[in-house]
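Given the coordinates of chain Z, work out where chain G should sit on it, guided by the hints.
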Amino acid sequence: MTDRFTAAPVVRPLNDPWPRRPRLVEHSVLPGFKLSLGITLVYLALIVLLPLSLLAIRPWELGFDGIVKTLTDPRVASALRLTFGISLLAALTNAPLGLLVAWTLTRYQFPGRRLMDALVDLPFALPTAVAGIALTAIYAPTGPLGALAEKVGLKTAYSPLGIFIALVFIGLPFVVRSVQPVLQDLDKDVEEAAQTLGASDLQRAAYVVIPAIGPALLSGISLAFARAVGEYGSVIFIAGNLPMKTEIAPLLIVIKLEQYDYAGASAIGCAMLAISFGALVVMNIAQIYLARRGRA
Amino acid sequence: MTAAAIPTRRRRDLNLAPLMILASAAVMAGLILMPLVVVFHDALAKGVGAYFAALKEPDALAAVRLTLLVAAISVPLNAVFGVSAAWAISKFEFRGKSVLLTLIDMPFSISPVVSGLVWVLLFGAQGLFGTWLIDHDVKIIFATPGLVLATILVTFPFVARELIPLMQQQGADEEAAALTLGASGLTTFWRVTLPNIKWALLYGVLLCNARAMGEFGAVSVVSGHIRGLTNTLPLHVEVLYNDYDSVGAFSAASVLAGLGILTLVLKSVLEWRHSGELSANRKH
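Chains as they are written, first to last, in the working numbering: chain Z, 1 to 296; chain G, 1 to 284.
Just so you know, these hints were derived from the structure itself, not from any lab.
A portion of the hints provided could be inaccurate.
Said to hold, decoys possible - The list that follows gives simulated cross-link-like pairs (lysine to aspartate or glutamate, EDC-like), each with its CA atoms no further than 16 Å apart: (1) G:198 - G:93; (2) G:267 - Z:117; (3) Z:69 - Z:261; (4) Z:188 - Z:201; (5) G:56 - G:245; (6) Z:34 - G:245; (7) G:267 - G:277; (8) Z:245 - Z:73; (9) G:97 - Z:26.
Next up, chain Z with everything else stripped away, as it sits in the complex (with noise of 0.2 Å):
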């Protein structure tokens, strides 16, 4: 980190605390201390870590082999595969369309700009069953863009076009709100420095811009596939939801549900969850090695 005016590295105070490893529990003259844990504790533990416990415990009553067959079951593989693939294309996706729009926001007056940032919020407040029956009441045959995408011979509602599109529209927000705040305080110094010496804006892209947001916009494209992941709403009403095709993995947790299959629908949950798990560590070291990368 250095000072952005003198362009020194700031350098920590000597009464800094933190070298040292803090003990159990610092003293403090504030009051309250116990009581504020025990009650955070306690509800973290009633509310989140308790039920998903059970998460991890159920699936084991089928063994590991029937783990293992209820996985490969080729309903449920085809639905992880498809939930996966669309989910990372529909992140990736993002990435182009959310670096657009963040750059525009931050780099570019224009009126109806505040209008525009403040929508970027849309997807997050819009309830997901509201964006779900809204999206198909476009992409169907019947609808707008859905009757100008079948003239040109292409099916968006109830195929996996239509699951890209919903992904598309949770995920953008992400991207553009881990990028926004960087390209915002992104030094025009030192931009200005490139174009000074003669860079040309590709340039400039490529060596200045995208080395600094590299990490965030990483860390945006993870977040959206993440979530991507696990949406319901927005996505069961325009999948179709065909076996084989178009059902996405939550959705089957809610079939096997309804059979009573509990077992059955915690492995396919854990499941989601480690495999998500994997990607985000995967994208984590990414992260570390482009910002490492971008400060050297």
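Positioned in the frame of chain Z, the structure of chain G alone reads:
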């Protein structure tokens, strides 16, 4: 901002600007705004009379009441938790803090369907406490308590994650000063801490409430879809839509869309008016 004070010449950017703005506007209008417009368009497809008739239907009114009830229970609980967690994490130093922060954020990375499923594993007919609950005639799943629990789990981190970064940044100096001057702990909280965090708290509650009222996946798993009894408004939308009652479904959806718009407006006002009192990642 020093950069703004320096007059800059960006001729190439100026040429690019209209293109970029147009492209962004196209993405935003085609992808993000269009669904919102379609909701109101389809709700009013058969006129204003049909629209209001759909809203006045007893099942729709029951769904609205249930949605309000579920939010009225789950949002305050998560707000109290959020303040407690933020107080413990930001005002004190203890080991294991980063683990605690990760656990608090965890519900965000779980599929809503799984957030509903775990409560069925606990309280469903074949769940851990299923037999006991049936013997004692207590209904949790396919009843309001299940809806509340699922909603609480889904909206768990909202308030805490708004408050923690802000309160960490504010530190504990002001509270320490008040205590040294003889204020009691509770007085210090009400007169020093709360005024400092009120806008961020409101911001967190706003987002928490929007999600609580609009949640679909998690409540869908625990609801059982009993009309007039266990259908929240988003579930009511689904039932009507699957019955091919387009006007009814979009009318109910328009109420939720209105809630979404209201949330966005209030959120933007908070960001513009009180940006200094929100956590750093909320300042635009």
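Hey, residue 188 (chain Z) versus residue 201 (chain Z), does the alpha-carbon distance stay inside 16 Å? Distance of about 14 Å is within 16 Å: holds.
Satisfaction of hint between residue 117 (chain Z) and residue 267 (chain G), Cα-Cα up to 16 Å: holds (11 Å)
Need the status of pair residue 69 (chain Z), residue 261 (chain Z): alpha-carbon distance at most 16 Å? holds (14 Å)
Pairwise hint evaluation, residue 245 (chain G) against residue 56 (chain G), where the allowed Cα distance is 16 Å at most: holds (15 Å)
Within a Cα-Cα threshold of 16 Å, do residue 97 (chain G) and residue 26 (chain Z) meet the stated pairing? holds (12 Å)
Within a Cα-Cα threshold of 16 Å, do residue 267 (chain G) and residue 277 (chain G) meet the stated pairing? holds (13 Å)
Between residue 245 (chain Z) and residue 73 (chain Z), is the straight-line Cα distance small enough, at 16 Å or below? holds (14 Å)
Check whether the Cα positions of residue 34 (chain Z) and residue 245 (chain G) lie no farther apart than 16 Å. violated (54 Å)
Taking only the CA atoms, is the gap from residue 198 (chain G) to residue 93 (chain G) under or equal to 16 Å? With Cα atoms ~23 Å apart, residue 198 (chain G) and residue 93 (chain G) exceed 16 Å; violated.
Figure legend: structure checked against the earlier numbered hints; hints not met, in rising order: 1, 6.
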